[in-house]
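> Fit chain B to the given chain A structure using the hints.
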Amino acid sequence: MAIVGSLASARGARRSSRMARREALWGFACASPWLVGFVVFTAGPMLSSIVLSLTSWDLITPLHFVWFQNYRTLVAGDATVWHSLAVTSFYAVLAVPLNTACGLALAILLNQQIKLQRLIRTVFYLPSVVSGVAVALLWEWIFSPDFGVLNALLGYVGIKGPAWLADPRTVIFAFVIMSLWGVGSGMIIYLAGLQGIPTDLYEAAQVDGAGSVRQFWQITVPMLSPVIFFNVIIGIIGALQTFTQAFIMTNGGPNDASLFFMLYLYRNAFQYFKMGYASALAWVLFIYIMLLTLLVIRSSAVWVYYEGRTRGR
Amino acid sequence: MATEARPFRVERSRQVSLWQSKRAMNALRLTLVYVALAIGAIFVCIPFVWMLSTSFKDEGAVFLYPPQWLPQPFVPENYVQALTVLPFALFFRNTLITTLVPLLGALLSGSLVAYSFARLRWPGRDVCFLTVLATLMLPEQVTMIPRFILFRELGWLNTFLPLIVPPYFALGAFNVFLLRQFFMTISTETDDAARIDGAGVLGIYWRIILPLSKPALAAVAIFVFKGHWDDFLGPLIYLNSQENFTLALGLRAFQGEFATDWNLLMAASLVVMLPVLLLFFFLQRYFIQGVVFTGIK
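For the record, the sequence lines run as chains A and B. Here the first sequence is numbered in our numbering, starting from 1 and rising by one per residue. Here the second sequence is numbered in our numbering, starting from 314 and rising by one per residue.
Bound conformation, chain A alone:
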């Protein structure tokens, strides 16, 4: 963390300790909203969540400790946990790489010398501006098997479209297609990254006779890899927390085929009122997200290239 404390040492020595103490007091005062908020709304709840996950509590009858019973149940006694984890992972495995690839491809297309660049950029970014229930309803209508626009378009070219949200085999694909609609937010970030790559790299490569495919793999991808890395991590976290779409569009159906993990967690907490068990589920999700993130971070040593590193920064 090079940024931390960079300005701390410079003039400090000459200042009297009284002034330093005053500044420290002001520092605490200004940071106090976060200090209080962190204890009350983050650290405290995290600790209580651990304790809660060892109990059985329905909010009404007295809480009692069951120790590791919740964890034993979710590992061995509740197949739905594994099913929903599989559903969520399947979605993430499809959505994250596809979104990355499409976002990158769009950014590269837009980075050519084309007319109306700003307008086209705005058009592609527009869907990522909207989200939530309204978007979920819109896509539910788009995926309507008999009257939706998607199957109508497929019908124009002679394809009989599937039932999408009503068919357990296609429902996750429908959610992936819907996620691709929001590809613009990634595109904007990649586009900015592309514009930060010095053009002399490409010129040098051209002199050396490298074609555009080689330039892509040997210049664009390495130079953009820190940005891709950041987006992949954010994408994984977001995909594993999918909730609103599933809640509104399918409510986990058909036949639990879109029972995302968060949906199952929500049901346990706020429909079955199993606060202890739901807390244990939350920790499972947290650990799963952490493991995947660590995996990506570990792998990043191989594929993420930081320009600063070679200069020994």
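You may find that some hints are simply not true.
As the list claims (entries may be wrong) - Coverage of chain B stretches by chain A, computed from C-beta distances (three or more under 8 Å per stretch; other residues unrestricted): (1) 383 to 394; (2) 459 to 473; (3) 517 to 528.
As the list claims (entries may be wrong) - In silico negatives: residues of chain B with every beta carbon more than 12 Å from chain A: (4) Ser334; (5) Phe369; (6) Val398; (7) Pro400; (8) Leu403; (9) Leu413; (10) Thr559.
It should be emphasised that the hints constitute simulated quantities derived from the structure, not laboratory data. Glycine included, C-beta positions come from ideal geometry on N, C-alpha and C.
Frame of chain A; chain B shown alone:
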């Protein structure tokens, strides 16, 4: 073609034809780029067009196959009906409260804490900042249930308080991080000059740092606005009587009652989306700046 190396003398005519074929290749490539972009743009636009078109159809035209793109008959009354069967004006007011009150809190507390991290020296500061960064990774689900129990104990269920109080405690780690990084780029010389003029710690924050950070504050404001406007899980957990519903909850209730009246559902959805879309059109620069800023740093 300044970059082309020319170690040998090439005949002029050959050079020209090479140049011409290169130009043809370029034109072909650009055409392909435009075609690809056009296909993508159609994919992006169709849902909006479809929503708009459906919202003006009458009940019969909604279920026509092949679908009608231009509604016949044209029924703008859908909007009146969609927005009056449920008290959408009330939902709109509630959403404004649960969006603007947190917005103010997130801006004030986020910038003050970020200022402390960026400009003031106090023991434990760097550890605290690293903790902020760590909470970026923390999914809210882990704290969701204990927070619910806490607010229940406080008697805050079915009030706006669980939605509007926490933002005043700088809990948006992303906002604090973004603002702190931005404040770090402001030269400390301005601070020193103001200090000589007699400005205190808060004076520098209010009169120097905040006015210089408008782009970053705008970006944060947009993220917070959008996040709260679209938020569904929070209101779903905390609000249960209809007079407290936000637009997101109202839409869901609407869906429950008018499950197949897609023309009304689309009209209501479009109205709910509209403020964010308008905000985007007016503040496009800040939107994109903000996304880029958080994505690249």
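> Are 3 or more residues of the segment 517 to 528 of chain B near chain A, judged by a Cβ distance of less than 8 Å?
violated (count 1)
> Tell me if chain A covers the segment 383 to 394 of chain B under the three-residue, 8 Å CB rule, please?
violated (count 0)
> Should the label of Phe369 (chain B) as a non-interface residue stand, given a Cβ cut-off of 12 Å to chain A?
Non-interface label stands for Phe369 (chain B): nearest chain A Cβ at 14 Å, farther than 12 Å.
> Minimum Cβ separation between Leu403 (chain B) and chain A greater than 12 Å?
About 17 Å separates Leu403 (chain B) from the closest Cβ of chain A, which puts it past 12 Å; holds.
> Take a quick look at Pro400 (chain B) and tell me if its Cβ sits farther than 12 Å from every Cβ on chain A, holds or violated.
For Pro400 (chain B), whose nearest Cβ neighbour in chain A is about 17 Å away, the distance exceeds 12 Å, so it holds.
> When you look at the beta carbon of Val398 (chain B), is every beta carbon of chain A farther off than 12 Å?
16 Å, holds
> Please check whether the segment 459 to 473 of chain B has three or more residues whose CB lies within less than 8 Å of a CB on chain A.
holds (count 6)
> Confirm or reject the statement that Ser334 (chain B) sits farther than 12 Å, beta carbon to beta carbon, from all of chain A.
15 Å, holds
> Would you assess whether Thr559 (chain B), listed as outside the interface, keeps its beta-carbon beyond 12 Å of every beta-carbon in chain A?
At roughly 10 Å from the nearest Cβ of chain A, Thr559 (chain B) sits no farther out than 12 Å, so the non-interface label is violated.
> Should the label of Leu413 (chain B) as a non-interface residue stand, given a Cβ cut-off of 12 Å to chain A?
Label holds. Min Cβ-Cβ 17 Å, cutoff 12 Å.
Consistency with the previously given hints fails for numbers 1, 3 and 10, ordered from lowest to highest.
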